[in-house]
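Participant: Sequence:
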Amino acid sequence: MAGFEREIRAKASSEHPTTSSARTVTPETEISETELKADIARRSVPDHLSARRQRWALPLLTVSWMLLLVILASSLWRIQRWETAPGSAQEVASRIAFEQKDQATAPTRYPAVNKIRFVTAFTGQLSALDSVIGWLDPHVAVETYAEHFGERSPTSIRQLGVQSMLGAKQLAEYVAFKKLGFEATFTAGAVVVAELVCETSPAATSACKVLKVGEMITAFDGVPVATVPALKEAMKNRKVGEKVVVTVESDDSPEDQSRTLTLIENPDKSGTAIIGFVPADTRTVVLPFDVQIATPDIGGPSAGLAFTLALLDELTPGELLGPSRVAATGTMNEKGEVGAIGALEQKAIAVRDAGARVFLVPAGQSESEILRARQAAGSRVKIIPVATLEEALTQLLTLGGAPLPPVTR
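Residues 1 to 409 (this note's numbering) are what the sequence shown spells out, left to right.
FYI, nobody ran anything at the bench for these hints, they're computed from the structure.
Any given hint could turn out to be false.
[Said to hold, decoys possible] With a straight-line cut-off of 25 Å between C-alpha atoms, the simulated PhoX-like cross-links for lysine-lysine are: (1) LYS239 x LYS269; (2) LYS178 x LYS101; (3) LYS236 x LYS209; (4) LYS212 x LYS239; (5) LYS178 x LYS335; (6) LYS232 x LYS382; (7) LYS335 x LYS243; (8) LYS209 x LYS178; (9) LYS232 x LYS209; (10) LYS269 x LYS236; (11) LYS212 x LYS179; (12) LYS335 x LYS115; (13) LYS232 x LYS212; (14) LYS178 x LYS115; (15) LYS335 x LYS269; (16) LYS101 x LYS179; (17) LYS179 x LYS335; (18) LYS179 x LYS115; (19) LYS232 x LYS179; (20) LYS243 x LYS232; (21) LYS212 x LYS236; (22) LYS179 x LYS209; (23) LYS243 x LYS209; (24) LYS382 x LYS115; (25) LYS209 x LYS269.
Please build the complete structure, drawing on both the sequences and the hints.
Facilitator: Below is the structure:
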C-alpha cells in the first residue's frame, strides 16, 4: 500500500508539477469516539451563552427596523427649509433655433467645436434628511422660508424667475444681433412688479405693503397703462404723499383688483415721487427673423452673458472660445454690461463638475464671493471676472479664441 501511494504521488507530480501539493494523498487518520465527543463539546455553545444571544437578537432587530423607518420617514417629510445647491453647466448652442420670418431668410449657422455653457444653481424645499445632509455640505446653503423668499411668495418668485429668463433672452438677442450689424429694436411690455422699494418704516398704504412681486399693473387712477412708458407718463407731476389707485392683476384673485396706495419719495432723487417698485424688463426684441432659446423649467436672468456669447459664436465662422471649454454667468443689459448674479459658489462647482476649464463671471461680484468660488472650483478652473461683453471677448481672444469678423451689414 505504501508503494502504491508513492507511485500515485510520483505520477501526479510528473503530470502536474505546479499543483503537486494539491494532488498529494494523505493517509486517513482514525479518531476515537472519546476524541470525537470532546471535539463536539468544544464546539458547542454553552446554554447560558445561547440564551444571552437570543435575548439580544430581538432588541437589535427591532432597533434596526426602527432606524430604517426613521431614515425613510425623514427622507419623505418636507420641512420649512430650502436649499441652494450646485446645479449644472449646459451647452447653449443646442438650445438655439433660428426660423424664417416674413420674407427674410434665417441666418447661416457656423457650429463650433467648443460651445459656451450657461450655469444653473438648484433650489428647492428640503426633507428632514436632505436638510441634515445640506448642513454638512459646506457648498450648500440651507435657509429658512423667510431667508429664502423674504417678503415674496413661492408663486411670485417662480413667475419672476420665468419673466427674468425671458428678459435675459431678449437682451442677449438684442445685444448679439446689434453687435453683428443686424437691425434690432425693442417693443415695450407690460408693467410687472419685480422688486419692492420700502422706506425704513413703510406706511400701511405704501406699495411695499400693498403690492406683491409678480403682480401686473394695468391702470393708474383709471387710466390704462399697458406698458412701462405709459405708466411713467401717468406719473408725471405727481407729488410725494399723494394717494393714487392702481388696478392690479394677481394670481391671488381671478378678477382685477383696485388698490389705493401712497406715493413715496425716490431715494435716489430727492423731491421726486415714485410708486415704490422696480418694474421687470418685459420688453421684447424685434429682429428680421425669429430666434428661440429653449430653457424649460429654468428661471432667472443670470444666463444673459452666456446666451449673448452663444449667439455670436453660432452666427460667425471660427472658434470664438478657442481650445478652451468655457462657461459663463452674468446678466446682460442693452449696453452690453455684465451684471452680478446669485449663488456664484454653487455655480462654480457646477462648472468644475462639467469639466469646463474657464469660467467668466461678473466683475461686480464681491471679492469674498469670487474668492469662495475659486476655492470651491479648485485650481483646474480659471475664474475670470468681466464687466462688459467687450471684456469677455477680449479674454476669449487671449485664450486662443477667434476674433469676431468685421461688420459688413
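Participant: Would you mind marking each hint as holding or not holding in the structure?
Facilitator: To see whether the hints hold, each was checked on the structure:
Between LYS239 and LYS269 the CA atoms are separated by roughly 13 Å; this keeps the pair inside 25 Å, and the hint holds. For the proposed pair LYS178 and LYS101, the alpha carbon gap of about 18 Å is at most 25 Å, so the pair holds. Distance restraint check for LYS236 and LYS209: the Cα-Cα separation of roughly 23 Å lies within the 25 Å cut-off, and the hinted pair is therefore satisfied. Among the hinted pairs, LYS212 with LYS239 is consistent with the structure: their alpha-carbon atoms are about 23 Å apart, no more than 25 Å.
Only pairs whose Cα atoms come within 25 Å are accepted, and LYS178 paired with LYS335 is accepted, the gap being roughly 10 Å. About 44 Å separates the Cα atoms of LYS232 and LYS382, which puts this hinted pair outside 25 Å; it is violated. Between LYS335 and LYS243 the CA atoms are separated by roughly 36 Å; this puts the pair beyond 25 Å, and the hint is violated. A hinted pair counts as satisfied when its Cα atoms are at most 25 Å apart, and LYS209 with LYS178 does not qualify at roughly 40 Å.
Our distance criterion of 25 Å between C-alpha atoms is met by LYS232 and LYS209, whose separation comes to about 21 Å. Between LYS269 and LYS236, the direct Cα distance comes to roughly 14 Å. Compliance with the 25 Å bound is thereby established for this hinted pair. Distance check on the hinted pair: LYS212 and LYS179 sit about 37 Å apart at the alpha-carbon level, beyond 25 Å; violated. With a C-alpha separation of about 24 Å, the suggested pair LYS335 and LYS115 falls inside the 25 Å cut-off, and the hint holds.
For the suggested pair LYS232 and LYS212, the alpha carbons sit about 19 Å apart, so the restraint of at most 25 Å is met. In summary, the hint linking LYS178 to LYS115 is supported, as the alpha carbons are separated by about 21 Å, within the 25 Å threshold. Taken as a hint, the LYS335 and LYS269 pair is honoured in the structure, with Cα atoms around 23 Å apart against an allowance of 25 Å. A distance of roughly 20 Å separates the Cα atoms of LYS101 and LYS179; the hinted pair therefore holds under the 25 Å criterion.
Restraint check: the Cα-Cα separation between LYS179 and LYS335 comes to about 11 Å, which is no more than 25 Å; the hinted pair holds. With a C-alpha separation of about 19 Å, the suggested pair LYS179 and LYS115 falls inside the 25 Å cut-off, and the hint holds. The suggested pairing of LYS232 with LYS179 is violated, with an alpha-carbon distance near 30 Å, which exceeds 25 Å. Taken as a hint, the LYS243 and LYS232 pair is honoured in the structure, with Cα atoms around 16 Å apart against an allowance of 25 Å.
Proximity of LYS212 to LYS236 is assessed by CA-CA distance (about 23 Å); at most 25 Å being required, the pair is judged to hold. Proximity of LYS179 to LYS209 is assessed by CA-CA distance (about 42 Å); at most 25 Å being required, the pair is judged violated. Note on LYS243 and LYS209: the hinted pairing holds, with a Cα-Cα distance of about 14 Å set against a maximum of 25 Å. For the proposed pair LYS382 and LYS115, the alpha carbon gap of about 17 Å is at most 25 Å, so the pair holds.
Proximity of LYS209 to LYS269 is assessed by CA-CA distance (about 22 Å); at most 25 Å being required, the pair is judged to hold.
The structure shown violates the earlier hints numbered 6, 7, 8, 11, 19, 22.
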